Amino acid sequence: MGTKLLVVIVLFGMGLALLPMENSIRAERLRLKYGGARVTFQLREAIGQNLAIALLAGLRGVVADFLWIQSHGFWEKREWLRQYRDMEVVVTLQPQSILFWDVGSWHMAWNIGYAALTDPHNRTRAEGIKREREWHEKAREFLARGIENVPNHYDLYFYMGWLYYEKLSQDCDVPPCQAALCRAAEYFRKAASFPDAPQYVARMYPRSLEKCGDLVAAYREWKRLWFQDHTKVEQLWSVIEREIKDLENRLNIPNDQRVFPVKPS
Amino acid sequence: MDAIRTERLTKKYNLGWRKGRLLALDKLDLRVREGEVYGLLGPNGSGKSTTLKLILDLIAPTEGRAWVFDVPCSKVTSRLHIGFLPENPYFYRYLTGAETLEFYGKLCGMGGAPLKRRVEELLEMVGLTGARHRRLAGYSKGMLQRVGLAQALIHDPKLLLLDEPTAGVDPIGSKDIRDLILRLKGMGKTVLLSSHLLAQVQNVCDRIGVLNLGQLILEGDVQALISDQRRLSITVQDLPEAARTRVEEAVRAAGASVVSMEHPQTTLESLFLDALKKDQRGMGHHD
Amino acid sequence: MTETAVVAPAMSRERVGFSLNRVGIIAMNTLTEAVRQKVFNFFLIIGLVFIGSASFFAQFTFGEQMKFIKDTCLGVISVISTLIAIVGTAQLLPNEVENRTIYTILAKPVRRFEFLLGKFLGSLFLLDASILAMCLLFGAVLFIKEQGMIRELHQAYGVNLPAAEATDLNQQIQQVTKAALDVDLVKAVVAETMKATLVAAITLLISTFSTSLVFNVIVPFMIFVAGMLRGAAAEVWAGHKLLMALLAVVPDFGLFSIADEINLGNVVPWAHIAEIVVYGLVRTFIIVVAAHLIFSRREI
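Sequence order for the protein chains is A, B and C.
For the first sequence, our numbering assigns the number 3 to the initial residue and increments by one for each residue that follows.
For the second sequence, our numbering assigns the number 918 to the initial residue and increments by one for each residue that follows.
For the third sequence, our numbering assigns the number 940 to the initial residue and increments by one for each residue that follows.
For the record, the hints were derived by calculation from the structure and aren't laboratory data.
All figures in this text were calculated on a predicted structure; none of them were measured in a lab.
Among the hints, erroneous ones may be present.
[As the list claims (entries may be wrong)] Listed next, the in silico PhoX-like pairs over lysine-lysine satisfying Cα-Cα at most 25 Å (straight line):
hint : chain 1 : residue 1 : chain 2 : residue 2
1    : C       : K1117     : A       : K234
2    : B       : K992      : B       : K1075
3    : A       : K192      : C       : K1117
4    : A       : K35       : C       : K1117
[Claimed, not checked] Sample of chain B residues facing chain C (criterion: CB under 10 Å; computed from the structure):
hint : residue
5    : Y930
6    : P1003
7    : R1010
8    : Y1021
9    : V1168
Beta carbons are placed, not taken as given, at the ideal position from N, Cα and C, and that holds for glycine.
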C-alpha cells in the first residue's frame, strides 16, 4: 500500500510540477496559431461521428483532407452547396492552409459561379448574372477570411488580386470595373512585397495599375522592375522591356528620358 | 560456513479484503551446510516453492531473514553464488540451446572466448552438443530440463537450487540428472533440491527436511532417518531350503525374532534401465 | 550424459553494480522476441500498406496531392506507432511471468531495474525500428511522387522552351521539390516518436502491477485518449482547481500534434520541438521511475 501511495504521489507531483511547462508549450502553440478550431458540437454535427473521433485523435489534417476529397466528389456531381459546406468545414479545421482557401475560392468564383450563371433553372439571364455575382462575393469574403488567418504569405494576396482582376472586375454595369482593377493592383502590390513571391506576381502589379488607369504608376513600377540586378533576379526581361516601350509611347515620354530611347530612323 | 541459513523465515500472502492472509511459511529455521545435498520435501502447498523464492528474493519475507554464504538474500550479490533450475523450465523458444546459454552467461558478466568455451563444456556435460543449433521450440521436455541445468551452472555457482529437477523426465533422464547431482557434490557444490519423487531424493540427498503447512516437521540425515536400527537385513546367496529352518532357530536362540524371510527385489527403475542397456539398438531418445 | 570435467572460467566476485551491458543484453533479447510477434508484424504491415497506397490521388493538383500524402503518411505513423507502443509493451512483463522466463533471469545477479529498463528499451528499439521503416517508405513515396510530378511538368511544358516558360517551369519544379523534400518533416517524426515513447512508458507502468494483457492494452489506450482530450477538457474545467489538478496526472498528448502545422507550411521552431521533447522525456523518466518502484516490490 505504501509503495502504491508513493507512486500516486510521484505521478501527481510530476503532473503538477510540469504544469508550467505545459502552459508554456500551449501558449507557444497559441502564439503560432497551431491547432485550428475547437471541436464544438456544431463542428461534430457537420463532420459526423467517425470524423469527429479521428479529429480528437489528432488526425486533423487527415480529416480535413478526407472532407476536401469529399467536396471534390460533390463538385464532380455538381452538388455545389454540399461542396461549399464541406469547404467551409475544411477551412475551419485547418485555417492555416493556403491551399484550401485558394482552391476553395477558385471553385466558388470560377466553377460554382459559372454553374450558377448557366443554370437552366434561371428564369432570366439577369438572375443568372446575379447568382454568379453572389458567388464571386462569397469567394471574396472567403479569401478575405483566409488572409486574416494566413497574413504572412504572398499566396492569398495574389489570389485575391487575381479574383478582383478576373472576376470582380466583371461585376458591374459596364465592365471592366475600374475600382475592382485598382483593388487588384493593391493586392498584387502586397503579394509582390513578400521576398519569396514568384516573378510573375511582381509583373501583375504594374499590369493591373495599367488596367486601373494609372499609367504613370504602372510605368514607374515597370521601370523599377527593369532596374533590378538582372544577374540576381529571375524575370521575364523581354516582357518588361515590351511593356516599358509600350507605355513610353503611350505616355509620350521624351526620348532622352526613356529607358529604351527610340533610334532616329 | 552454511550455504543457506534462514532465521524465523515467514511468509504470509494477502488473499484480499475479507479473506485475510495465507501463512505459507511459518518461522522456518533452516541450515544447509556447504557441500551437502539437501532435499526439501513436502506435499503441494507446504511451502517448498515459497522457500526457494524467498532465497532468490523473488518474494519478500513477512518476517525473518535468509542468507546465502552469509550474504543476505535481499542483495543482488547473493545470486552470484546461486544457480536456479525452476520447475518445468521455460526459455525463449526462438533461441537455440547454445544461444540460450550464451544469453544467461552474458547476464552473469561472462563473455567472449571464455563464455563460448563454457557453453561448449556445459552442452557436452548435459548431452546436448548435437542439438546446440536447434531452437528450443523443437526440444523435448527432457532436453529443456537439461538446458535448464546447464543455464543454472553457466556461471559456476557454489549453490544450486533445483525445483523438481526430475519432474516429467523419463527414467534415463532422471538417472542422468541424479548422477550429475552426485558429481556436482563431488566437486564441492551445495545442492538444495525440492521434489515429490521420494525414491529419487533418497538416492542423492545427504539430508532432508520435510515441510508441511509451512512448518519444518522433520529434518535429518537420510540414512539415519530411513534405517530401522532395531532390524538387521542379511542377504544370503544359494542357501538350501533345508538350512532355512536352522537359520531361524539360530536367530530365535539369540533372543531375536524373524520378521520376514523373502527373496530381495530389484527396483522397477533398475529393471527398466538394464533392459534398455541390453537392447542392442541402444537407448535412443536424447538428441 | 558424458563425463566432462567442469571447469568454469575465472569470474570476479566483486560487488554487483548497475550494468548497462546487462540492460543492453535484455533489451536486444526483448527486441528479438518482439519482432517475432504476429501482432506487431500485422500492425507494421498495415502501416506500410497505408503509406504505400497514400499516393493515389491523381485527379488533384500537385499541392493537394503532396498534402494528402504527407497528412496520410504522418497520420498512419502516429496511429501505428501508438498501437505498437501499447501492444508491444503491454505483453513484456506478463509474458515473462506467465512463461516463467523471469525466474531464470532474476535468479541471476540481475537487478530488477536492469531487467525493467532492458525490457523497456527493447520495446523502444522495436518502436523506433517500426517508425524508421515507415519513414523510409514515406520518403520513398514522396520521392517517387516528386519525380512523377516533375516528369508531368516537363511533359506539359514540352522542350525547347522560351525563357519565360523555362523560368516558370523551373519555379514550379522548385515548389514541387520543396514540398517533397521538406526537412521539417523530421520534426513531425521526432514529435510522434516522443509521443509513442511516452505511451510505451505508461503501458510499462500499468504492466508492472497488472497481469491481464487486456487490461494492459485498454487502460493505456484510455489514458492516451484522455491525454488527447486534455486540452479540450482544460478549457471546460478552467475554473475548477481540483479538477485541473487531477487532470495534471495525464500527459497532454495534444502538445505533440505538430504534423499538421508542418504540412501546412507553418513555422515550427526547433526550440518548440526541443521543449516538447524535454516535456516528453521528463514525463517518461518519472513514469519509468514509478514503474521501478512498483516492480521492485512486486512478488514474482
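Evaluated hints:
{"no.": "1", "hint": "C:K1117 with A:K234", "result": "21 Å, holds"}
{"no.": "2", "hint": "B:K992 with B:K1075", "result": "16 Å, holds"}
{"no.": "3", "hint": "A:K192 with C:K1117", "result": "23 Å, holds"}
{"no.": "4", "hint": "A:K35 with C:K1117", "result": "23 Å, holds"}
{"no.": "5", "hint": "Y930", "result": "8 Å, holds"}
{"no.": "6", "hint": "P1003", "result": "5 Å, holds"}
{"no.": "7", "hint": "R1010", "result": "9 Å, holds"}
{"no.": "8", "hint": "Y1021", "result": "6 Å, holds"}
{"no.": "9", "hint": "V1168", "result": "45 Å, violated"}
When the structure is compared with the earlier hints, a violation turns up for hint 9 alone.
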